[in-house]
Amino acid sequence: MIEPAPSTDAAIRDLLARGDAYRRAGDVRAATSFFQAALRHAAEAGSLPRDLLEPLQSAQAHVRQAGVDYQAHLERAVAEVGAGPRFDEAIDILFGRREIFHQQPSAFYFPGLPQRQFYEREEFGWAVGLEAETEAIRAELRALLDGGASFQPYVEAEADRPPQDFHGMRDDPSWGAFYLWKDGSLVAENAARCPRTVAALEKVPMSRIGSRTPSVLFSLLRPGARIPPHHGMLNSRLICHLPLVVPSGCWLRVGNETRQWDEGKLLIFDDSIEHEALNPTSSLRVILLFDIWRPELSEAERRGVSAVFEAIDGYGRASASA
Amino acid sequence: MRMSVQEAEAKVRAGAAALQRGRPEEAARLLGEVTAAGIANAQVWLLLAHASAKAGDAAGEEAALDSLLAADPQNLRGLVLKGDCRARAGERRAATSFYRRARQVAGMVGDLPPDLAVEMARAERALADFERGYKTHLDSALAERGFGASARSARFQQSLDILAGEKEIFVQQPTAYYFPGLPNIQFYERERFDWAERVEAATDAIRAELLALMADTDAFRPYMVADPDRPRADFHGLLDNPEWSSLYLWEDGKPVEANAARCPAAFEALGQAPLPHISIRAPVVMFSRLAPGARIPPHTGMLNARLICHLPLIVPPGCGFRVGNEVRQWEQGKLLIFDDTIEHEAWNDSNEDRVVLIFDIWRPELSEAERGAVAAMFEAVDDYRDD
Numbered sequence: 001m002i003e004p005a006p007s008t009d010a011a012i013r014d015l016l017a018r019g020d021a022y023r024r025a026g027d028v029r030a031a032t033s034f035f036q037a038a039l040r041h042a043a044e045a046g047s048l049p050r051d052l053l054e055p056l057q058s059a060q061a062h063v064r065q066a067g068v069d070y071q072a073h074l075e076r077a078v079a080e081v082g083a084g085p086r087f088d089e090a091i092d093i094l095f096g097r098r099e100i101f102h103q104q105p106s107a108f109y110f111p112g113l114p115q116r117q118f119y120e121r122e123e124f125g126w127a128v129g130l131e132a133e134t135e136a137i138r139a140e141l142r143a144l145l146d147g148g149a150s151f152q153p154y155v156e157a158e159a160d161r162p163p164q165d166f167h168g169m170r171d172d173p174s175w176g177a178f179y180l181w182k183d184g185s186l187v188a189e190n191a192a193r194c195p196r197t198v199a200a201l202e203k204v205p206m207s208r209i210g211s212r213t214p215s216v217l218f219s220l221l222r223p224g225a226r227i228p229p230h231h232g233m234l235n236s237r238l239i240c241h242l243p244l245v246v247p248s249g250c251w252l253r254v255g256n257e258t259r260q261w262d263e264g265k266l267l268i269f270d271d272s273i274e275h276e277a278l279n280p281t282s283s284l285r286v287i288l289l290f291d292i293w294r295p296e297l298s299e300a301e302r303r304g305v306s307a308v309f310e311a312i313d314g315y316g317r318a319s320a321s322a
Numbered sequence: 001m002r003m004s005v006q007e008a009e010a011k012v013r014a015g016a017a018a019l020q021r022g023r024p025e026e027a028a029r030l031l032g033e034v035t036a037a038g039i040a041n042a043q044v045w046l047l048l049a050h051a052s053a054k055a056g057d058a059a060g061e062e063a064a065l066d067s068l069l070a071a072d073p074q075n076l077r078g079l080v081l082k083g084d085c086r087a088r089a090g091e092r093r094a095a096t097s098f099y100r101r102a103r104q105v106a107g108m109v110g111d112l113p114p115d116l117a118v119e120m121a122r123a124e125r126a127l128a129d130f131e132r133g134y135k136t137h138l139d140s141a142l143a144e145r146g147f148g149a150s151a152r153s154a155r156f157q158q159s160l161d162i163l164a165g166e167k168e169i170f171v172q173q174p175t176a177y178y179f180p181g182l183p184n185i186q187f188y189e190r191e192r193f194d195w196a197e198r199v200e201a202a203t204d205a206i207r208a209e210l211l212a213l214m215a216d217t218d219a220f221r222p223y224m225v226a227d228p229d230r231p232r233a234d235f236h237g238l239l240d241n242p243e244w245s246s247l248y249l250w251e252d253g254k255p256v257e258a259n260a261a262r263c264p265a266a267f268e269a270l271g272q273a274p275l276p277h278i279s280i281r282a283p284v285v286m287f288s289r290l291a292p293g294a295r296i297p298p299h300t301g302m303l304n305a306r307l308i309c310h311l312p313l314i315v316p317p318g319c320g321f322r323v324g325n326e327v328r329q330w331e332q333g334k335l336l337i338f339d340d341t342i343e344h345e346a347w348n349d350s351n352e353d354r355v356v357l358i359f360d361i362w363r364p365e366l367s368e369a370e371r372g373a374v375a376a377m378f379e380a381v382d383d384y385r386d387d
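These protein sequence lines are chains A and B, in that order.
If you read the first sequence in the numbering used here, its first letter stands for residue 1, the second for the next number, and so on.
If you read the second sequence in the numbering used here, its first letter stands for residue 1, the second for the next number, and so on.
Hints may be right or wrong, so weigh each one.
[Unchecked claim] Derived DMTMM-like pairs: lysine to aspartate or glutamate, alpha-carbon spacing no greater than 25 Å straight-line:
1) K167/B <-> D271/A
2) K167/B <-> E133/A
3) K167/B <-> E301/A
4) K135/B <-> E301/A
5) K167/B <-> E274/A
6) K203/A <-> E274/A
7) K135/B <-> E133/A
Since the hints were derived computationally from the structure, they do not count as laboratory data.
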């Protein structure tokens, strides 16, 4: 039984006829697959004889209804299963309600790691201790804001690199940063103004990747500011947000999941998966932002990743020894 | 300083003339007056950069180029010249970033005028030189830090291969069902599964059962068989093709009784493995025969909630198996365990049959509850007949 050459009237008529035969025999699934094939060929054919239009419309209606019935059947079947968020997400993906997102780091990909958007704060032993310091950290932030501390644009032009605009965010003060660590080094002057914050971070497994990480900063989103969808540089760390000042209505999307910041409750996510954020309110949003090692990396792998970036950053520099 | 457009044009002409007469200092002074008045265009900045260079004022040249690129970030000549400045300063890495940007811009422009093509060729040579040195540098710098080739975990080595552009990234692309949050691992190592050794220990006995079955020439049938109740969807010419054929021990989620009776050792060994029970879909267990010269083209499997295992039984030299960016050889009696939702292909370039025992197992990352849920879901899919 060979299917005729595609995109011919005869082929479409044949598929429709076979679909009808299965429909009459009560085999909805077989009918659906023949009707789908007929519709595919019709879509490729371009112009069609007029008398095919009505049966094709009828086939389409059948396919649509079959899809609705099928989904309802599956939804009923899995409604009681309760196997947790990953399974629920799988069902959403199956029905096209959510998309699949993968890690797409712009500079360095470490393979074999779980493709997870958000990590839960309960997974990290140090999280409770840090969250307990929220009030003290916020007080230091308030003092900075009241004292007119200067926040720099999060995305800044680099003197020694071609001008590169990050979705219009370059030098844009609506996404501001006050760094405690920047590119792997403590910013002593700023850190001195936030001793409780620096102390609270001592128990956090911050990533130390050459001269790239850690970065620790108060990240400020001004009213109406939007961080457009983008990917981070590497997938060997996770990004943590400790929300400090959060007007209601702000959100962070990572992959196919959107969460709200909740003051004092950490959000931990993989920034190598597409993410974006919005402050749609008329007040400031401020979080403490820092990075940690991915828990799946062994000690040796962490040292290896750091060595890679030391090596990369040491290449082709006038001052570099190696 | 106020300056009319006419004055500015006159100064630019005078500057260009001075440059031509071999008086770059004077040219730089005249052009500098125009730029200081804030009415320079790209051409003026370029002329000023050129005059400064001729006058031996490297800082002046680079400052003019920076101003040019601030006003016109896609200026191809400006990008190459800025790269040259950084290269002369010994900052090859920075130079490279400007040459790379120039390469991007040149790619968008298409055919370059001859003088620009010469500049671009120089940038390309510098890039090639930089990239040649890069890998060597990385290797020796890693070795110095205690990460020579033998001290790298397999996935760390793979991250370096991807960084060097020698390997691609492959991700799970199941055709029917995607379970999120799992690591994308091409091959799982047999050492990771405690049952693997016990299955491998039965290799000789299973092989003997296979050879007995193969004496019966009709036992195998094509792996891909057309379903009369569905439109024919050919899979790269493999449908009904005896080049890739199989003999099932478990099919449609049930043991095949006749074959079970003839393969007691295989059944006993499989009892050790965590075979998934998913409706009429799994377990699937079969002897899989690949005929001489046959090739299974690249494809991805249906669902990522399981892994596929091969126990190699008859493996002539010249066979190969690729999953994602890694090629492995079958070795008699040594399990290969892989994620079939990552693109994979297989070939037999020998003159003899290749036969492996194929079976599936649950992915180790799935909890008991998740396994139960996946099975329940597929039962619901498969009992959706005509109710």
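Each hint tested on the structure:
1. K167/B <-> D271/A: It holds: about 23 Å lies between the C-alpha atoms, which stays within 25 Å.
2. K167/B <-> E133/A: With Cα atoms ~45 Å apart, K167/B and E133/A exceed 25 Å; violated.
3. K167/B <-> E301/A: Roughly 19 Å separates the two Cα atoms, so the pair holds.
4. K135/B <-> E301/A: Answer holds: K135/B to E301/A is near 19 Å, not above 25 Å.
5. K167/B <-> E274/A: 22 Å, holds
6. K203/A <-> E274/A: 29 Å, violated
7. K135/B <-> E133/A: At roughly 45 Å apart (the allowed maximum being 25 Å), E133/A and K135/B break the hint.
Comparing the model with each numbered hint stated earlier shows that hints 2, 6, 7 do not hold.
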